[in-house]
Amino acid sequence: MNIPILLCIIFILSFIVLYWFFTRENKKDKDKDSPLALISIAMLFSVLSTLVFAFFLFMIIGSIRVVDSVFSLHIDTAQLLIVGTCYLIYWLSIDSIFSKIFDYMMGDTIYSNLSLSFSRTAAFYLIGLFTGLSKDINLTLSIGVALILLVIDTSYSLYSKKSKIKV
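For the sequence shown, position 91 (counting from the first letter as 1) is numbered 91 according to my numbering, and the numbering increases by one without interruption.
Keep in mind that the hints are not guaranteed to be accurate.
[Claimed, not checked] Derived Cβ-Cβ restraints for the label pairs, each shown as a range:
{"hint": "1", "residue 1": "I94", "residue 2": "V17", "range": "17 to 27 Å"}
{"hint": "2", "residue 1": "M106", "residue 2": "F71", "range": "26 to 36 Å"}
{"hint": "3", "residue 1": "S72", "residue 2": "I10", "range": "30 to 40 Å"}
{"hint": "4", "residue 1": "S157", "residue 2": "A122", "range": "20 to 30 Å"}
{"hint": "5", "residue 1": "L7", "residue 2": "V151", "range": "21 to 31 Å"}
{"hint": "6", "residue 1": "D136", "residue 2": "Y111", "range": "24 to 34 Å"}
{"hint": "7", "residue 1": "I97", "residue 2": "S155", "range": "21 to 31 Å"}
It should be emphasised that the hints constitute simulated quantities derived from the structure, not laboratory data.
We put the beta carbon where it would ideally sit given N, CA and C, even for glycine.
Kindly generate the complete structure, drawing on both the sequences and the hints.
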C-alpha cells in the first residue's frame, strides 16, 4: 500500500465521520443548513485533517529514512511505510497518555522528556517486532527515531519557555 492510497483512505473515513457528525448536529439546530453546505464543510475539514496526518506521517517517515541512511539499514519502502504508519498511530494516541503521566509525575522537565523517550524506544521496538524487522535494524531504528523525537520535543519545550519569558 503506498502513501496516496493511505491518504485517500484517511480522507474518506474522516469525510464519512465528519459528514455524519455535521448532519447529526444540524438536526438539532433550528436553522437547517443545506446538504451541499454540509458536504463542503465536511470535505474542507477532511482535507485539513488528512493534510495534518500527512505532515506527521512524512515527518515520521523522514526520521526513519534519516536513521536508515545514516546507519545503512536498507529498509524497503513497503516496510518503511508500515513501520512509519504504526509509529505515527502510537505517537498520536498512546504517547500522549505517557506524556501527560510523565509531566504530572516529574513536571515539565528534561527528565520527563527523557522518560518519554525511553518509553518511545520500548514502544517502537515492540512495533518493530510486530512488523517483522530484524533485531539489529529494529533496535537502531527505534533508538534513532526516539532520539529525533526527543530533539523535537526538547527544542519545542525550550522555545515555548523562551516565548513565555518575552511576553
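S72 versus I10 beta-carbon gap, inside 30 to 40 Å or not: holds (32 Å)
Distance restraint hint 26 to 36 Å, applied to the beta-carbon atoms of M106 and F71: About 31 Å separates the Cβ atoms of M106 and F71, which means 26 to 36 Å holds.
Outcome for the supplied range 20 to 30 Å, where the beta carbon pair is S157 and A122: holds (21 Å)
Beta-carbon spacing of I94 to V17 - inside the hinted bounds 17 to 27 Å or not: holds (21 Å)
Supplied distance hint 24 to 34 Å, evaluated on CB atoms of D136 and Y111: holds (29 Å)
CB-CB spacing for V151 and L7 relative to the 21 to 31 Å hint: Because 27 Å falls inside the window, the suggested range holds.
Beta-carbon spacing of I97 to S155 - inside the hinted bounds 21 to 31 Å or not: holds (22 Å)
Of the numbered hints listed earlier, not one is contradicted by the structure.
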